[in-house]
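Chains as they are written, first to last, in our numbering: chain A, 1 to 205; chain B, 1 to 205.
For the record, the hints were derived by calculation from the structure and aren't laboratory data.
Remember, predicted model here, so these are calculated numbers, not experimental data.
All clues stand as given, with none of them false.
Derived DSS-like pairs (lysine-lysine); straight-line CA-CA distance at most 30 Å: (1) B:K3 to B:K152; (2) B:K152 to A:K60; (3) A:K3 to A:K152; (4) B:K3 to A:K60; (5) B:K60 to A:K3; (6) A:K60 to B:K60; (7) A:K152 to B:K60.
Beyond 10 Å from chain B on every Cβ pair, some chain A residues (computed): (8) M1; (9) G30; (10) M68; (11) F85; (12) P121; (13) G136; (14) L137; (15) A176; (16) A199.
Quick reminder that beta carbons are idealized off the backbone N, C-alpha and C, glycines included.
2 protein chains.
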Amino acid sequence: MAKVDFWYEFASTYSYPAAMRIETLAVERGATVAWRPFLLGPLFAEQGWRDSPFNIYPVKGRYMWRDMERVCDGLGLPLRRPDPFPQNGLLAARVALALEGESRAAFSRAVYRAEFAEGRPIDDRATLAAALSAIGLDPEAALARAQEGAVKDRLRAECAIARGLGLPGAPCLVAADGEIFWGNDRLEQGLDWAIHASAGVAGRP
Amino acid sequence: MAKVDFWYEFASTYSYPAAMRIETLAVERGATVAWRPFLLGPLFAEQGWRDSPFNIYPVKGRYMWRDMERVCDGLGLPLRRPDPFPQNGLLAARVALALEGESRAAFSRAVYRAEFAEGRPIDDRATLAAALSAIGLDPEAALARAQEGAVKDRLRAECAIARGLGLPGAPCLVAADGEIFWGNDRLEQGLDWAIHASAGVAGRP
Numbered sequence: 001m002a003k004v005d006f007w008y009e010f011a012s013t014y015s016y017p018a019a020m021r022i023e024t025l026a027v028e029r030g031a032t033v034a035w036r037p038f039l040l041g042p043l044f045a046e047q048g049w050r051d052s053p054f055n056i057y058p059v060k061g062r063y064m065w066r067d068m069e070r071v072c073d074g075l076g077l078p079l080r081r082p083d084p085f086p087q088n089g090l091l092a093a094r095v096a097l098a099l100e101g102e103s104r105a106a107f108s109r110a111v112y113r114a115e116f117a118e119g120r121p122i123d124d125r126a127t128l129a130a131a132l133s134a135i136g137l138d139p140e141a142a143l144a145r146a147q148e149g150a151v152k153d154r155l156r157a158e159c160a161i162a163r164g165l166g167l168p169g170a171p172c173l174v175a176a177d178g179e180i181f182w183g184n185d186r187l188e189q190g191l192d193w194a195i196h197a198s199a200g201v202a203g204r205p
Numbered sequence: 001m002a003k004v005d006f007w008y009e010f011a012s013t014y015s016y017p018a019a020m021r022i023e024t025l026a027v028e029r030g031a032t033v034a035w036r037p038f039l040l041g042p043l044f045a046e047q048g049w050r051d052s053p054f055n056i057y058p059v060k061g062r063y064m065w066r067d068m069e070r071v072c073d074g075l076g077l078p079l080r081r082p083d084p085f086p087q088n089g090l091l092a093a094r095v096a097l098a099l100e101g102e103s104r105a106a107f108s109r110a111v112y113r114a115e116f117a118e119g120r121p122i123d124d125r126a127t128l129a130a131a132l133s134a135i136g137l138d139p140e141a142a143l144a145r146a147q148e149g150a151v152k153d154r155l156r157a158e159c160a161i162a163r164g165l166g167l168p169g170a171p172c173l174v175a176a177d178g179e180i181f182w183g184n185d186r187l188e189q190g191l192d193w194a195i196h197a198s199a200g201v202a203g204r205p
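Could you build the full structure based on these sequences and the hints that come with them?
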């Protein structure tokens, strides 16, 4: 079965619709998704950005917010603009990495809902505890594990891998052959590529 | 009949596949396209960029070139990386503006072919003269008209309109209601929006 890596950042706007629809798209195609949270901050800092490029470049920011309205409207997803934007996704990423498999995916979707549908601060332990409770996990245990050195190291390692892959932003799909597909509107293409790559057929269907 | 403005820049990579397929997509939908060449340079300069962001940010540049290979491969379009990149599209934009209607569209496609399929310099009068000849126009007359003050003023005015619209890059489709769709992969969505907007139906189909 084809496997695809789904790289996402909790502060990233387009990662929200991507996270909400990736599993459905994968199931339709018989592919499996590995959820890989990472941080854009260190990658952006290397490019000289100390803030979201959507804040640094207001023309791009205005376009993105209007486009996000259209994208979410088309998917029937509520959208509230986080304040402040971008949110700090460090703790959420650590909690996600402290979980595995379907728990990580369900927690991640719950965080995106809190952030972009309900406008709640995702650097707040209460927000993350509520997200954990909502999916039937013990908030205190997960939040404690998220602060362990091993989890912090793992997130740093994941960010180094993302850097090594050359991810230009989030979300990205990465197929087994290393092909990168950037953006919510490239999920279908990335999944289709991954399926053909795993079948030993190079290139696009 | 729905009309959509197609804003493009001759130096822009994704404007190449967009220019090659926009008319087919529009005809399929019964829409008409107004070809509006402009320059990204003045807009980028306002954001502090004195070069293509794909050169300033190599991670984005590497991703874009690989993505362009996939896009062009999927469309059956040849792709050669212009050297230097980006090309200077000023004279080509003036020639395009000096033409009207189908001549402008055909000339623009011929310039994109010369630039991205054949690797020819588009700031070279010989390249533009060949593109004009290929579509049955008198090269000397068109090149002379392109240097007239009225055409230069018109290009400046078009760039000012692009700035006022808040175009975040190229290519962009702009519907009659002002909605902007950025990118080669948003042409279908932009056309569909324009058709619904012109029918008095707000929003996405």
